[in-house]
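Peer 1: Now for the letters of each chain:
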Amino acid sequence: MSFLQLMGVEKHFGAMRAIKGLDLGIERGEFVVFVGPSGCGKSTLLRLIAGLEGIDRGSLLLDGRDITRLPSSKRDLAMVFQSYALYPHMSVADNMSFALRLANVDKAIIRDKVRRAAEILNLGPYLDRTPRELSGGQRQRVAIGRAIVRSPKVFLFDEPLSNLDAALRGQTRVEIAKLHRELGATTIYVTHDQVEAMTLADRVVVLRDGAIEQVGTPLELYDRPANRFVAQFIGTPQMNVVEAAAVPQLESVLGIKVPAGGFVGLRPESVALTAAGAGQVQAQVELVESLGAETLVHVSTDRGAQFVARQNQRSELHAGDAVGIAFDPAAAHLFDASGRVAGRSSAHVH
Amino acid sequence: MNPPTVLPLIARTAAAWTATLLLVFPLLWLFLTAFKTELQAIHVPPLLIFTPTLDNFAEVQVRSDYLLFAKNSIITSVGSTLLGLLIAAPAAYSMAFFRTRKTRDLLMWMLSTKMMPAVGALVPIYVIAQTSGLLDTVTALTIVFTMSNLPIMVWMLYSYFKDIPPEILEAARMDGASVWSEFRHVILPLGMGGFASTGLLCLVLSWNEAFWSLNLSSAKAGTLAALIASYSSPEGLFWAKLSAASLMAIAPIVVFGWFSQKQLVQGLTFGAVK
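Chains A and S supply the protein sequences, listed in that same order. Going by this note's numbering, 217 is the number at position 217 of the first sequence; the sequence numbering is gapless. Going by this note's numbering, 1206 is the number at position 206 of the second sequence; the sequence numbering is gapless.
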């Protein structure tokens, strides 16, 4: 039995099955990220764990105790909201100590805990301010501080970085990772951003339409996606997935048999461009995106199959140029017509 | 919009003054008459210069025990305000934070009860008051005032509560707050403006209420509205005393309103500007 165990958890909103009977175990100290496109149910799942929504079927066990029907206030979980949800009428110190004050913790202990959390989060000079007098990044840190002082059993983060600008987002992401390393607290983190998922998680749970598509470490998901959805959701730019029939040469090049109506997937770094006439397939350059450290070249074959090739050097290519494509036979993923993985060229699995 | 040119500015100022004078004139007249003798009060043309007298006020107290009516007014309006807040706050809380598909309909239905003329409910309420022995008691008036203000109170509090982000309440719940501590530590301080405006408005409405106090009370539980009415009697109108009684009836609430006008205006424009 895991530290936090979900068993057949279901949630309905009217006729809609928002969460479809999920089973999932989360270990003590683990950092788990729920990721998926909007509407996949990741936030709902977090709110079910938090107790902010009722579970319609199934059960939830925390540290061996059934908490399925327990109100949020008794679950001993802390949550960081997307909107921060700070108490606007309280000072930073009061915001952070609210839970402890409700629990009638000794004043000296409260002061000590708040001071330590403020130190970790660089909030020392702001303890007497109200949230309205803080910047977005500072508010975010107060929200995290409010969770830290309680030393809860599990930290829940609901898209905590979406309201920050790009620079601050990157910085706060690093801070959250550091914080988790220092505190070692069990954490569940919801995001739609797969970069956050990849960089923060011990394990990633990919959700779609209220069901789990795959659970694994970030690199497992990258290297061995269970289906076409995960393959294309994880990784930027996304994996090239083409109908096998559109590039008939692939089967012979890769030495594999693709099921009828199936698809072949290749990461952009597994697609190399050669001079026109060389390579296994001929194509035309449609767009060149120069990002500095890397260059993304979008090409299209005469049968209309589209590929993105990632190169680690600057490119002399221009839209309209003719090129050849050389596929890395060791790196292909095969999917059947329904999108399930049907095989992989064996070498790339480590 | 273009900046106003001089002529329209003058015209607008004149219009504003005219409107203000039209509105204030009856009150001004009432104020002056209250300090006249009965003879001066009916003098034609009206006297603007006269020796003021306080006799009318003394007479009102002696003849009809002003202080009793004032006490009744205070008890019924403060009582109905407190009772109303006590009922309206939980109602508005559940409607604002635990919405269902019927919440809107329920709110509309509550408000629609205010559209019905009060006289439509007079007979049943009178009979209920009579058979339960509550006729001419401040209890009956307090209950009826509460009921008649409740729809507006729920609406106002609801619109204030709706402005409190629900995540803040969820955060409080995650922090271990029970429903009561959530209310006490989050809703009450954040909704203070709403409670104040709603309470003030209810206080004013109850103070000014005349229909029910005239019909459900007489000598014992009458409010100041009933006192004023008693001065237009079959024996004839005593303008000076009527004015003095009116002035004494409205003075407390006018002074009160003056000091709380900011909250009141905020309350009356609820939902529109906040």
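Hints in this document: simulated from the structure, not taken from any laboratory. Mixed in with the good hints there might be a few duds.
With a straight-line Cα cutoff of 30 Å, these simulated DSBU-like cross-link-like pairs (lysine-lysine) come out [to be verified]:
id	chain 1	residue 1	chain 2	residue 2
1	S	Lys1102	A	Lys20
2	A	Lys107	A	Lys153
3	S	Lys1262	S	Lys1162
4	S	Lys1262	A	Lys74
5	A	Lys178	A	Lys257
6	A	Lys74	A	Lys107
Simulated restraints, written as ranges between beta carbons of each label pair [stated by the list, open to error]:
id	chain 1	residue 1	chain 2	residue 2	range
7	S	Asp1163	A	Arg314	50 to 56 Å
8	A	Gly39	S	Val1119	52 to 58 Å
9	S	Lys1114	A	Gly39	39 to 45 Å
Glycine included, each C-beta is placed from N, C-alpha and C at the ideal position.
Peer 1: Starting from the hint list further up, note which numbers the structure goes against and sort them upward.
Peer 2: 4, 5
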